[in-house]
Amino acid sequence: SIYRTVFTNSCKEMMCYPDFPFPDNHPNYMHNTRLQQYICKYAERFDLLRHIHFKTLVTKVKKRPDFSETGQWEVVTQRDGKEETLVFDAVMICSGHHVYPNLPLADFPGKKRFKGCYFHSREYKEPEKFRGKKVLVIGLGNSGCDIAVELSTVASQVYLSSRSGSWVMSRVWDNGYPWDMLTITRFRTWLGNVLPRALSDWLYVRGMNRFFKHENFGLMPLDRTSRKEPVFNDDLPSRIACGVVVIKPNVKEFRETSVLFQDGTVQDDVDVVVFSTGYSYSYPFMEDDSIIKSRDNQVTLYKGIIPPQLEKPTMAVIGLVQSLGPIIPTADLQCRWALKVFQG
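Going by this note's numbering, the sequence shown opens with residue 865, and the numbers climb by one from there.
Take these hints with a grain of salt, some might be off.
[What the hints assert, rightly or not] With a straight-line Cα cutoff of 16 Å, these simulated EDC-like cross-link-like pairs (lysine to aspartate or glutamate) come out: (1) K926 to D1135; (2) K927 to D1153; (3) K998 to D1135; (4) K919 to E1151.
[Unchecked claim] What follows is a list of derived Cβ distance ranges for each label pair: (5) W1066 to H917: 50 to 56 Å; (6) L1203 to W1066: 41 to 47 Å; (7) H890 to G1107: 49 to 55 Å; (8) D1153 to T920: 19 to 25 Å; (9) R1119 to Q900: 38 to 44 Å; (10) T920 to G1071: 44 to 50 Å; (11) F871 to W1066: 44 to 50 Å; (12) G1040 to Y1166: 39 to 45 Å; (13) L1203 to P885: 51 to 57 Å; (14) D1132 to D1153: 42 to 48 Å.
The hints are simulated quantities; they were obtained by calculation from the structure and are not laboratory data.
Note that the structure is predicted; figures quoted are calculated from it, not measured.
Built from N, CA and C at the ideal position, the CB exists for glycine as well.
Just need the whole structure built from these sequences, with the hints factored in.
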């Protein structure tokens, strides 16, 4: 589900498992294949592979009749056409939230009239098939920016549409150090907690504009003091400056071969639309969908992990957080905490 040129946005020193650092000869930011190799080596190092059932589909997770006393779960799986029911004392859900694409076509009037092709960014793999075409990418997240930059090397023109703007950061900061080694520190956290909000906001905006002024590139967030996760892309500002990526506001309406934007401008002869519009939280294997409640793509969990309405805290949802930093050590800590809860 990832495009072939994906690299990590967190450096190896910050994103490794606490008990298994990356090799010294690995680059600070890695291609997705190297990260996959690292995870496989971790599983081999700690003899985990023999405990994993690959090519097995979980079709149902439900409470046992005596759940209020035992806290046990009934899990139904399928493999090679055979169904099996197992009983577990506890369940960790680690499917994340990048599985079910969010394709909000209802938010874009006229989409059915559009004669070009469109798809969700999850389907994007490589740029060659878009050579010479005019492409509109909707969504200013990490995937949207990566895809827009990559397409700009082959497409005749790329338009990047954003509803609310975003801070765009470089992976490399002062003196060539990775951004997260310099910004995710205890001192900076302490400083943000003790400074007056107005001063903290001023410093934050100043820091975000340290490499280029977002307003000049049409990227300034509507809420400039929002601490939402920034976008990491080293090449987007230069592609905008060269004119091969054009920043546009939100789409107001689709027409047969053109697109009307919120500012009244119209772009003609659009061939392809890529919806980089995120993902929806969904757990179709849960028999009782009220256990993990999702509302407006937000899930209420105790400590961001445990469904609060369970009679017994024997289910943990891992990785369902959007932290400013790497997910691997975050998920590792969540698992350690959940195991302590399971043990009482």
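Verification of the hints:
no., hint, result
1, K926 to D1135, "46 Å, violated"
2, K927 to D1153, "12 Å, holds"
3, K998 to D1135, "5 Å, holds"
4, K919 to E1151, "21 Å, violated"
5, W1066 to H917: 50 to 56 Å, "53 Å, holds"
6, L1203 to W1066: 41 to 47 Å, "42 Å, holds"
7, H890 to G1107: 49 to 55 Å, "36 Å, violated"
8, D1153 to T920: 19 to 25 Å, "22 Å, holds"
9, R1119 to Q900: 38 to 44 Å, "42 Å, holds"
10, T920 to G1071: 44 to 50 Å, "46 Å, holds"
11, F871 to W1066: 44 to 50 Å, "32 Å, violated"
12, G1040 to Y1166: 39 to 45 Å, "41 Å, holds"
13, L1203 to P885: 51 to 57 Å, "22 Å, violated"
14, D1132 to D1153: 42 to 48 Å, "44 Å, holds"
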